[in-house]
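Chains P and D, in that order, give the protein sequences. The first sequence runs 0 to 165 under numbering that gives the first Met the number 0. The second sequence runs 0 to 106 under numbering that gives the first Met the number 0.
Fair warning: there could be bad hints in the mix.
[What the hints assert, rightly or not] Covered stretches of chain P, going by a simulated chain D footprint (3 or more residues, C-beta under 8 Å): (1) 5 to 17; (2) 61 to 72; (3) 90 to 104; (4) 150 to 159.
[As the list claims (entries may be wrong)] Okay, the calculated bits of chain P under chain D, using three or more residues with CB under 8 Å as the criterion: (5) 29 to 35; (6) 43 to 55; (7) 110 to 117; (8) 128 to 135.
Hints in this document: simulated from the structure, not taken from any laboratory. Bear in mind the structure is a predicted one, so any value in this text is a computation, not a measurement. Glycine residues also receive a C-beta, built at the ideal position from the N, C-alpha and C atoms.
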Amino acid sequence: MNPVFYILAALTIGGGLAAMLLKHLIHAALAVTVAFAGLALLFLQLDAQFAGFAQILIYIGAVAILIVFAILLTHGAELPKGGVFSKSWLVGLVIAAGVFAVLAWAILQSIRALPQQAAAPVVTVHDIGNALVGRYVLPLEIVALLLTAATIGAVIVAMHEKAVQK
Amino acid sequence: MTGFASPLTGYLLVAALLFAIGLAGALVRRNAIMVLIGIELMLNAANLNFIAFWRYGPHPEALTGMMFAIFSIAVAAAEAAVGLGLVIAIYRHTGTTELDKINRMKG
Chain P
0 MNPVFYILAA LTIGGGLAAM LLKHLIHAAL AVTVAFAGLA LLFLQLDAQF AGFAQILIYI
60 GAVAILIVFA ILLTHGAELP KGGVFSKSWL VGLVIAAGVF AVLAWAILQS IRALPQQAAA
120 PVVTVHDIGN ALVGRYVLPL EIVALLLTAA TIGAVIVAMH EKAVQK
Chain D
0 MTGFASPLTG YLLVAALLFA IGLAGALVRR NAIMVLIGIE LMLNAANLNF IAFWRYGPHP
60 EALTGMMFAI FSIAVAAAEA AVGLGLVIAI YRHTGTTELD KINRMKG
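Whenever a hint applies, use it, and build me the whole structure from the sequences.
Okay, here's the thing in structure tokens:
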């Protein structure tokens, strides 16, 4: 456990908390981008360079921008009248706290069973590419199909209604 | 070197906390976009678990956890695109993105 881990963990958790608590949607989108960046740095800290840079490219580069676009297209920048939290917020909070309590209990119970220190694995992008077109070629093809279907589906769903009715 | 017996425990606790924050956001917020952001946070917490177990697991050279995380990121990206497209379509139809005002399945 080095101090870098604590800084990155605080950044990630702080970003997530701020995203869920901030009233303005744009501020929340920026806060969640901080959380995504903290997660990418945690991946790098875990010697998973490829996953870390993929996280930066996909989440900060694409998903955050997509969220900002959706907020602007739905006039989400204005504050709603009835507050940002639903009426049953207490129930949701209790459920989330219960889930965290169970997960933390399970983790703390299994401290002894968890592996201790491990040598940093040496994995190059070359190895990942070989695995992707070797052992994992079927999931790769399925993801390719899924992404194509999702792109077409998103365009069709978000297309103007009158254009669909023609 | 204080606190946890294993660095893995720290990562797992961070992931659990992030998952709980995302779950609370998805359950508590009224705006559909914020619910989607909460779901994204939950997916990211799961990815952190995959990478942490891959790093401290017995066979990191098999790349299983890493591959799972990469495919999970791809599926999450597709989910975000379709989800936000649906939010935009619902906003066009009903004029709001607040979930407690969208209470009709038909028109």
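Hints and how they fare:
no.	hint	in the structure
1	5 to 17	holds (count 5)
2	61 to 72	holds (count 8)
3	90 to 104	holds (count 10)
4	150 to 159	holds (count 7)
5	29 to 35	holds (count 3)
6	43 to 55	holds (count 7)
7	110 to 117	holds (count 7)
8	128 to 135	holds (count 3)
Checked against the numbered hints listed earlier, the structure breaks none of them; every hint is satisfied.
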